[in-house]
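A.B. asks: Protein sequences appear in the order of chains Z and P. Residue numbering for the first sequence follows this note's numbering, beginning at 1 and increasing consecutively. Residue numbering for the second sequence follows this note's numbering, beginning at 1 and increasing consecutively.
Some clues are possibly wrong.
[Claimed, not checked] Straight-line Cα separation of at most 16 angstroms, EDC-like style, residue types lysine to aspartate or glutamate; simulated pairs: (1) Z:K54 with Z:D31; (2) Z:K5 with P:D38; (3) P:K9 with Z:E42.
Bear in mind the hints are in silico, worked out from the structure with no lab data behind them.
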Amino acid sequence: DQQVKQNSPSLSVQEGRISILNCDYTNSMFDYFLWYKKYPAEGPTFLISISSIKDKNEDGRFTVFLNKSAKHLSLHIVPSQPGDSAVYFCAAKNAGGTSYGKLTFGQGTILTVHP
Amino acid sequence: NAGVTQTPKFQVLKTGQSMTLQCAQDMNHNSMYWYRQDPGMGLRLIYYSASEGTTDKGEVPNGYNVSRLNKREFSLRLESAAPSQTSVYFCASSVNYGYTFGSGTRLTVV
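Using the sequences provided together with the hints, build the complete structure.
C.D. replies: What follows is the structure, encoded as structure tokens:
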């Protein structure tokens with residue numbers, strides 16, 4: 001039961017264009033969403049997050065959009081740069097129960113930005 | 001500031017052998033986690049520790065045990081390694097939802 005899904009295993013984009021990474025979730029109890037970026041041979045690092053009470057959060061070239069009714073979020077990178085090439089993980093936090101800040105991660109999307 | 005340190009970085013085990021993956025954090029975080037990363041599966045939670053002295057099972061705990069030795073250290077033990085445990089293992093610590101990950105341990109079980 002994959003509660004957080006990234007249905008695109010990979011995405012290829014030209015430098016300077018927009019990259020859009022998508023994520024769907026099934027659990028209505030998720031109240032906080034995050035994106036992590038991972039380079040080869042390194043651990044994931046935090047990129048940007050959004051609370052369920054918002055529909056957009058922006059940080060420089062990165063913007064995350066949340067559509068609660070569709071249980072869908074997306075990460076926009078504009079403009080894309082070759083250094084953005086990495087694996088991007090979507091993650092969600094459950095508001096209920098004894099979650100203690102546990103995150104549920106998606107499968108990841110490999111982004112390749114070509115010069 | 002080292003953050004989260006994992007040892008070893010690479011390990012090859014034979015089926016049935018045991019080993020312990022070590023993790024230490026120097027950020028005074030209460031919560032610590034062990035995840036495994038497999039192709040097409042993303043990051044799956046094995047065990048977590050909300051605070052010193054407590055541990056709980058995550059999504060895929062079978063075949064593993066953990067010890068929260070103190071606030072800094074959280075180890076993962078494989079008692080009898082199986083090929084299905086070939087994976088990359090990540091330790092993380094957090095305050096609220098800001099996870100800091102270690103650089104990972106690549107484990108191969110042959």
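A.B. asks: For every hint, state whether the structure bears it out.
C.D. replies: Consistency of the hints with the structure:
At roughly 10 angstroms between alpha-carbon atoms, K54 (chain Z) and D31 (chain Z) fall within 16 angstroms of each other, so this suggested pair holds. The hinted pair formed by K5 (chain Z) and D38 (chain P) meets the criterion: a straight-line CA distance of about 15 angstroms does not exceed 16 angstroms. The suggested pairing of K9 (chain P) with E42 (chain Z) holds, with an alpha-carbon distance near 11 angstroms, which does not exceed 16 angstroms.
The structure agrees with every numbered hint stated previously.
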